[in-house]
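Chains as they are written, first to last, in our numbering: chain A, 1 to 238; chain B, 1 to 82; chain C, 1 to 82; chain D, 1 to 742.
Simulated from the structure, these hints should not be mistaken for lab results.
Note that beta-carbon positions come from the ideal geometry of N, C-alpha and C, so glycine has one too.
Hints may be right or wrong, so weigh each one.
[To be verified] Here are the simulated lysine-lysine pairs, DSS-like style, with alpha carbons at most 27 Å apart:
| # | chain 1 | residue 1 | chain 2 | residue 2 |
| --- | --- | --- | --- | --- |
| 1 | B | 5 | C | 58 |
| 2 | B | 5 | C | 5 |
| 3 | B | 58 | B | 46 |
| 4 | D | 316 | A | 22 |
| 5 | A | 125 | A | 196 |
| 6 | B | 65 | C | 23 |
| 7 | B | 12 | C | 5 |
| 8 | D | 329 | A | 35 |
| 9 | D | 680 | A | 35 |
| 10 | A | 111 | C | 5 |
| 11 | D | 399 | C | 65 |
| 12 | B | 58 | A | 111 |
| 13 | A | 108 | C | 12 |
| 14 | D | 557 | D | 499 |
| 15 | C | 5 | A | 27 |
| 16 | B | 23 | B | 41 |
| 17 | D | 654 | D | 680 |
| 18 | A | 195 | B | 5 |
| 19 | D | 557 | A | 139 |
| 20 | C | 41 | B | 5 |
| 21 | B | 12 | C | 11 |
| 22 | D | 446 | A | 220 |
| 23 | B | 18 | D | 413 |
| 24 | A | 139 | D | 253 |
| 25 | D | 253 | A | 22 |
[What the hints assert, rightly or not] Which chain B residues face chain A? A few, computed with CB under 8 Å, are given here:
| # | residue |
| --- | --- |
| 26 | 12 |
| 27 | 14 |
| 28 | 15 |
| 29 | 17 |
| 30 | 21 |
| 31 | 25 |
| 32 | 71 |
| 33 | 72 |
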Amino acid sequence: MKFGVVVFPGSNCDVDCYNVVKNVLNKDVNYVWHKERLNDLDEYDCLILPGGFSYGDYLRPGAIARFANAMQGVIEFANKGGLVLGICNGFQVLLEAGLLPGAMQRNKNLKFRCHYSFIRVENSKLPFTLECSEGQVLKIPIAHGDGNYFVDEETLQQMKANDQIVFRYCDEDGNVTEQANPNGSIDNIAGICNKKGNVLGMMPHPERCAEDVLGSTHGKLIFDSIIKYLESRVENAR
Amino acid sequence: MLLVKVYVTLKKGVLDPKGTAVKSSLNSMGFEGVEDVRIGKYMEIKLNIDGREEAAEKVKEMCDKLLANPVIEDYDFEITEV
Amino acid sequence: MLLVKVYVTLKKGVLDPKGTAVKSSLNSMGFEGVEDVRIGKYMEIKLNIDGREEAAEKVKEMCDKLLANPVIEDYDFEITEV
Amino acid sequence: MQDKKLWRQMGLTDKEYERIKEILGREPNYVELGMYGVMWSEHCSYKTSKPVLKRFPVKGPHVLQGPGENAGIVDIGNNLAVAMKIESHNHPSAIEPYQGAATGVGGIIRDIFTMGARPIALLNSLRFGELETERTRYLFEGVISGIADYGNCMGIPTVGGEVYFSDSYAENPLVNAMCVGIIKHDEITRGKAAGIGNPVMLVGARTGRDGIHGASFASEELSEDSEERRPSVQVGDPFMEKLLLEACLELMKTGAVVGIQDLGAAGLTSSSCETASRAGTGIELDVSLVPLREEGMTPYEIMLSESQERMLVIVKKGREEEVRKIFEKWDLTAVTIGRVTDDGMLRVLNGGRVEAEVPADSLAEGAPSFPKESRRPEYLDEATDLDVSCIAVPTDFNKVLLEILGSPNVASKEWVYNQYDYMVRTDTVVQPGSDAAVLRIKGTKKGIALTTDCNGRYCYLNPYTGGAIAVAEAARNLVCSGAKPLAVTDCLNFGNPEKPEIYWQFENCVDGMSKACKILETPVISGNVSFYNETKGRAVYPTPVVGMVGLIKDIEKVTTQSFKNEGDMIVLLGETREEIGGSEYLKVIHGIEKGNPPELNLELEKRVQQCCLEAINFGIINSAHDVSEGGLAVALAECCITGGLGAKIELEKKEIREDALLFGESQSRIILTLSPENHKLLEEIVSKYDVKAEVLGWVSGDSLTIDLIENQNNNRSYRKIINLKVREMEKIWRGKLECIMD
Ligand SMILES: Nc1ncnc2c1ncn2[C@@H]1O[C@H](COP(=O)(O)OP(=O)(O)O)[C@@H](O)[C@H]1O
Ligand SMILES: [Mg+2]
């Protein structure tokens, strides 16, 4: 089982994702350099698009990164059903690349926000959330200036119908309230997936809360889910 | 040399957090009559292309691909000789 | 009702990291002839003021105080009736 | 040149001009004069402060690099070391708060990776006027987002710092940024242009007309479009710097680098002459090879430009291609602009023509330095003349406590640090909001604790004591997290040193700091001086900011300030005296900023700290919090609020005023909690260090209550002087800044 962490110029959570996969989960992981033209990413089982400020987030977050050479490969990989996890800036790249619906805007209060937040698992049947239960509340950090998710009403309804809303900001007890919404996202959306469920984008940072010493291990659930899914896929193939 | 002025604006119906904040700042600074503020981008591109038509085509492509996000933004541009 | 279009641009000589990034992105996407890109802001303000002159004065004040940063930015605006 | 006295416009005195002529044996030309002008400025030459800075203790067994390089370095074991430095960006931030603060952060980060260290943390120490004025709120907001945007984009967590508000900073905000890096012993790189014939390369951003020395305004060299040539504000490009950081660290691993130096103040001039001077060599460079951002720049402008995000790299001859390849990978340009020479000269060519030729050493180190006249300021008599008996003791202490909790100086700084990414790199074990930030060191069991501290009001009222307290408090903050203090980096912010009174403040602060550093065994390994923080004759409070790093042997033993368990015993280490002079209480409640600041007994301070650290290392301490602004009551409230637990406190009525008991700021005090069965162990440690430890009460319930016990005629009577719900205190303390700013 092999993970790839895509590195764009300006990525800065690449090392954190790498560290979690390698040293916390003890799985194989490689950096994938943005200039690589990847015709075949078959060696990977899961690609992570990390957080940070690809190309400085100049113009729009994710807008320039999506034209990086490596993104062609990522798009093909996703279309073939490969698991793609976009975290924070990685989520923004997936939106700009059209792998996920919608767009990101500036946080409602216009400020960068960094703190622990709570999200509710709305769909626990995905490869990314198998180890969670429906309605489970995760304590997980956010750190972004542009996390105000927008999508038009029609698409939103379709997404709901398809169970594409994966995480929503909530309070400690799981209530989805306006107060718990840190950035103004429509419907408190914190994470979504594509129709097939193999591409997940989320603003909160699971890689920042996968070890006890950092104050929460809820982020590990996401990675554990991926591993479990991949393992079972291997099992099934046998 | 051509000078291209590109205006990128938020689509109707898309909330504008920056515009809203600026409007309320203006109001609280005592400016009266400010009914609405929408904030977009203004870009100036120096283009070394002969022929406006070709340029216009190229600029349209730039906008569609990179300069504007079609999910939330519209764009418009003007080309002048300099 | 008046519609005010405000253009805020970086002063000449002031570094424009955004413009630079967009330029090199356009170049590497294969767009030829892009010599320079400068990125500024474009704002549309709906103003409920009678009289353009008064409006112009107010808008100037808004720009000086809030909409532009006089240390590094210039601005310009147009007022139209809507 | 003679008749126009051009040197004066460049900030040089007549005497200095004479000295330059002596050095050169001729008159300097325009470019040369400009280079001397900036290099001999206070900012670059430290000509005024140097003699005083010598008083700092700078040596210690664990110091690997003291002052004199881009950053200081201390050993933390496991072949690892910590590089750190703090620097001011006060003046640029006053003009353009966002860019001023952002480029300040950018500059200090470069100082760290110039040493070969990977930057792992940022801190900042800020001072503004009172938040009542719109201008101050604008500055505050701009500075915070400038710091946030730069650090966040770089992916370096901003883990700590401090913010104070006082009228004295209204016109002169202080913006000091600190960066900390980690490095292996054998990877330390220095800013030396060694090896005759080695190529000198310039890498990173293109050079524009940013921040060119103001003196160029009135010069004759300005041509046609002089309007356009106004020196512009430096704009930061954190994305460029991130690339530069990664490229430089990758490059340094190749062993192709001989020396490297960032381009900060005085740009190409300072980096070239300093690297040559350190190595005892010369440098010849050709400005026509420098990649430019703007057309028609003169050699003068190129040499003095302060465009950000650039580095000067001296590489081993023959390895230029390797270097170029690495920068290309990161989409950066690296060009060879010159070479190291053996004649000790800094020679500036423009194509074939020599534009300047001066001894490098004379630029870097040659500024004539004189101690200044020093005189005790007269204001001191008035300011410390405070008859406490004329100040009425309030009756409603609940109200007083709430009011102090809502003072912007005391209130939670969440509004500030929630705009900073303080978690990226996943090392932040103690987040902002406790006494010190703590980072784990991956691959070891260790951690480091970081803090910045300075109470400018104390320094104003008594520079010596204030300086010493700044050091003591920083160390205490580290100790409260379970760290042993290791070393100091300092940023000395003062008014105009040509005034004898300011110079006196400066000397006394440094003396007080030096004494404390000696006793607490925390040598000064790097620092920065910022003078002329004054407007219309009014100087800021003397503000010698202390940045400190401490080592935590076992990251599992990290302690924070928040109360942890119902039923824990609360103990106060140290002693409360009747000291309300210079306190936040006097300012907030009585509108008085006068009196003598609290006394500091450094020997006692040291024992209290050792005692606390030993108890923490013993594993019996559940929380530790030092008592500072707002005194005992505020410290207790903070422990309650951050822990979400109440406390029942019983205080013996002592021979001191009740307001002093609750809100006085006596030094060398720490609030500890522990499980009651460990009290015996604590007492043993306490007696070993001959420190007082008073049981204050217990962690309990959801309110903070303080009872005063009076013993009269063998009768113990109890009087409740504080009774507040933790929630109520929290609302005010947490919400205050947000309420003012949003
Ligand atoms: N207050 C101080 N205490 C100790 N060292 C200082 C102090 N001020 C400056 N230094 C040292 O003097 C040298 C020059 O400082 P500075 O000019 O600020 O560095 P830079 O060239 O990186 O801007 C540095 O090594 C710095 O650590
Ligand atoms: Mg330096």
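Each hint, compared with the structure:
1. For the hint linking residue 5 (chain B) to residue 58 (chain C), the alpha-carbon distance of about 26 Å falls within 27 Å, and the restraint holds.
2. Taking the CA atoms of residue 5 (chain B) and residue 5 (chain C), the gap is near 14 Å; set against the 27 Å cutoff, the hint holds.
3. As the CA atoms of residue 58 (chain B) and residue 46 (chain B) are separated by approximately 13 Å, the hinted pair is consistent with the 27 Å bound.
4. The hinted pair formed by residue 316 (chain D) and residue 22 (chain A) fails the criterion: a straight-line CA distance of about 36 Å is larger than 27 Å.
5. For the given pair, residue 125 (chain A) sits about 12 Å from residue 196 (chain A) by alpha-carbon distance, which is consistent with the 27 Å threshold.
6. Only pairs whose Cα atoms come within 27 Å are accepted, and residue 65 (chain B) paired with residue 23 (chain C) is accepted, the gap being roughly 14 Å.
7. For the given pair, residue 12 (chain B) sits about 16 Å from residue 5 (chain C) by alpha-carbon distance, which is consistent with the 27 Å threshold.
8. The hinted pair formed by residue 329 (chain D) and residue 35 (chain A) meets the criterion: a straight-line CA distance of about 9 Å does not exceed 27 Å.
9. Among the hinted pairs, residue 680 (chain D) with residue 35 (chain A) is inconsistent with the structure: their alpha-carbon atoms are about 64 Å apart, more than 27 Å.
10. Using a Cα cut-off of 27 Å, the hinted pair residue 111 (chain A) and residue 5 (chain C) holds, with the two alpha carbons roughly 25 Å apart.
11. At most 27 Å may separate the alpha-carbon atoms for a hinted pair to count; residue 399 (chain D) and residue 65 (chain C) exceed this at roughly 39 Å.
12. Of the supplied pair hints, the one linking residue 58 (chain B) and residue 111 (chain A) is violated, its CA atoms being roughly 35 Å apart against a limit of 27 Å.
13. For a cut-off of 27 Å, the pair hint linking residue 108 (chain A) to residue 12 (chain C) is broken: about 32 Å separates their Cα positions.
14. Taken as a hint, the residue 557 (chain D) and residue 499 (chain D) pair is broken in the structure, with Cα atoms around 49 Å apart against an allowance of 27 Å.
15. For the suggested pair residue 5 (chain C) and residue 27 (chain A), the alpha carbons sit about 55 Å apart, so the restraint of at most 27 Å is broken.
16. A threshold of 27 Å between alpha carbons decides the hint, and for residue 23 (chain B) with residue 41 (chain B) the separation of about 17 Å falls inside it, so the pair holds.
17. The straight-line distance between the Cα atoms of residue 654 (chain D) and residue 680 (chain D) is roughly 25 Å, inside the 27 Å bound, and the hint therefore holds.
18. Using a Cα cut-off of 27 Å, the hinted pair residue 195 (chain A) and residue 5 (chain B) is violated, with the two alpha carbons roughly 38 Å apart.
19. The straight-line distance between the Cα atoms of residue 557 (chain D) and residue 139 (chain A) is roughly 24 Å, inside the 27 Å bound, and the hint therefore holds.
20. The hinted pair formed by residue 41 (chain C) and residue 5 (chain B) meets the criterion: a straight-line CA distance of about 12 Å does not exceed 27 Å.
21. Annotation: proposed proximity of residue 12 (chain B) to residue 11 (chain C) is violated, straight-line Cα distance about 30 Å (limit 27 Å).
22. About 23 Å separates the Cα atoms of residue 446 (chain D) and residue 220 (chain A), which keeps this hinted pair within 27 Å; it holds.
23. This hinted pair checks out: residue 18 (chain B) and residue 413 (chain D) have alpha carbons roughly 24 Å apart, not beyond 27 Å.
24. Among the hinted pairs, residue 139 (chain A) with residue 253 (chain D) is inconsistent with the structure: their alpha-carbon atoms are about 39 Å apart, more than 27 Å.
25. Among the hinted pairs, residue 253 (chain D) with residue 22 (chain A) is consistent with the structure: their alpha-carbon atoms are about 23 Å apart, no more than 27 Å.
26. Interface restraint check: residue 12 (chain B) against chain A, minimum CB-CB distance 11 Å, threshold 8 Å, status violated.
27. Because the beta carbon of residue 14 (chain B) sits about 6 Å from the nearest beta carbon in chain A, less than 8 Å, this interface hint is met.
28. Because the beta carbon of residue 15 (chain B) sits about 7 Å from the nearest beta carbon in chain A, less than 8 Å, this interface hint is met.
29. Using the Cβ-Cβ criterion of 8 Å, the hint placing residue 17 (chain B) at the interface with chain A is satisfied: the shortest such distance is roughly 5 Å.
30. Contact between residue 21 (chain B) and chain A, as hinted, is supported at the beta carbon level, the nearest pair being about 5 Å apart and thus within 8 Å.
31. This hint is violated: residue 25 (chain B) has a C-beta 10 Å from the nearest C-beta of chain A, more than the 8 Å allowed.
32. With its C-beta approaching chain A no nearer than about 4 Å, residue 71 (chain B) sits inside the 8 Å limit, and its interface hint holds.
33. Interface hint status for residue 72 (chain B): upheld, as the beta-carbon distance to the closest one in chain A is roughly 5 Å, under 8 Å.
Hint check: violations occur at hints 4, 9, 11, 12, 13, 14, 15, 18, 21, 24, 26, 31; the rest are consistent with the structure.
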